[in-house]
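Here the protein sequences line up with chains A and B, keeping their order. Here the first sequence stands for residues 11 to 152, where the numbers follow the working numbering. Here the second sequence stands for residues 1372 to 1516, where the numbers follow the working numbering.
These are computed hints drawn from the structure, not numbers from a lab. One thing to keep in mind: the hints can contain errors.
[Unchecked claim] Restraint-style ranges between C-beta atoms, simulated for each label pair:
hint, chain 1, residue 1, chain 2, residue 2, range
1, A, Arg74, B, Ser1515, 14 to 24 Å
2, A, Pro127, B, Arg1510, 26 to 36 Å
3, B, Ser1515, A, Trp52, 34 to 44 Å
4, A, Arg76, B, Ser1453, 16 to 26 Å
5, A, Leu69, B, Arg1510, 34 to 44 Å
Note that the Cβ used here is the ideal one computed from N, Cα and C, for glycine as well.
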Amino acid sequence: MVRVRIPIALIAGLLFGAGLACSGMSDPTRVRAFLDLFGGRWDPTLAFVMGGAIAPMALAWVIRRRMETPLADSRFSLPDAREITARLIGGSAIFGIGWGIAGLCPGPAIADLAIRPTLAAPFVIAMLAGFAVHRFIDRPKI
Amino acid sequence: MDWTNATPLAALTGGILIGLACAIMLLGLGRIAGVSGLAARAFALSQTGPPWSIAAAFIVGLPFGAGIVNLISGPVIARFPSSPAVVLIGGLLVGFGTRMGSGCTSGHGVCGLSRLSARSIVATLSFVSFGFATVAVMRVLGVSW
C-alpha cells in the first residue's frame, strides 16, 4: 500500500498542473486582470476556475464522510484547527499582497516552471526564501 | 466586465481537473492538496505534513502536468511581470504569507471552501480582498509591471 501512494500523489499533481495550464490560472497577467476591479475591464475567468474546482471537491467531502479510512492510507490526516487567529488573517493578507503584486500563487508558479522556466524560477526561488524566512522566525524558542 | 477576453469554458474544464486532483489527494491519501504546504515539505522547509516522498511526488507532478498540456494543446499563455523587483518581492510575500496563514489558493481556496471550513473562508476573504486592494493601489500609484 505504501508503494501506491507515491504514484497517486504524482497523478494528483499532474492533474492539478494540467488543470492550472488549461484554466488560464498559470498566466500571471490574466490573474491580475481578475484582481483588477477598477480597471474597467475586469476578467471574471478565475471565478470559473474556482467554481469548477470546488464542485468535485465538495462531492469528495461528502464521500469522505462515508469512509473510515482513505483508499491508500490507514487514516485521514486533515487539519482540525478551528480558531480564527490574527496569524491566519495576517498571513493570508501578506499572501494576498504578494499575489496582487506578481499575479502568482504557489501552484501556478511551480507549474509555470515547465512553461516559462527562466521567468518562473526566480519567483519560485523567492517564494522558497519566503518559506525559509517564516521557518526561521517561527522556529521553537529554546 | 470584459467578456471578450474571458475564457469561461476552458476555466471551468481546468477548474474541474484541479478539483479532481484535490479529490484524489483527499480520498486516496487522506490529505489536503495544499500547494504551499506540500512545496514547503518537499523542499524540507516544513516539519509538518505528509511524508517527504508524497509531497515531492505531488510537487514534481505540477510542472509535468502543465508541460503535457503545453505539448498537446499548443503553447500555454503565461505573461510574466518584466520587473525583477515585482517578481522577487511578490515571491517573498507569497512564500512568507502562505506559511504564516497556513495555506494558499488551493488549500484554503479549493479544499477549505468546499469543506465549509470557517478558517479557510476567513483566509480566502483575506487574501482575495488584499489581492484586489493591492492591484488597485498599484493602479493608483501608476506602478507598471
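With respect to the beta-carbon atoms only, verify the hint that Leu69 of chain A and Arg1510 of chain B lie 34 to 44 Å apart. At roughly 38 Å between Cβ atoms, Arg1510 of chain B and Leu69 of chain A fall inside 34 to 44 Å, so the hint holds.
Evaluate the given range 16 to 26 Å for the C-beta pair formed by Arg76 of chain A and Ser1453 of chain B. This hint is violated: roughly 50 Å between Cβ atoms.
Satisfaction of the hinted span 14 to 24 Å by the C-beta atoms belonging to Arg74 of chain A and Ser1515 of chain B: 46 Å, violated
Looking only at beta-carbon atoms, does the pair Ser1515 of chain B, Trp52 of chain A fall within the given range of 34 to 44 Å? Distance hint for Ser1515 of chain B, Trp52 of chain A is violated at roughly 19 Å.
Range hint compliance [Cβ, Pro127 of chain A to Arg1510 of chain B, 26 to 36 Å]: This hint holds: roughly 30 Å between Cβ atoms.
Going through the hint list in order, the structure does not satisfy hints 1, 3 and 4.
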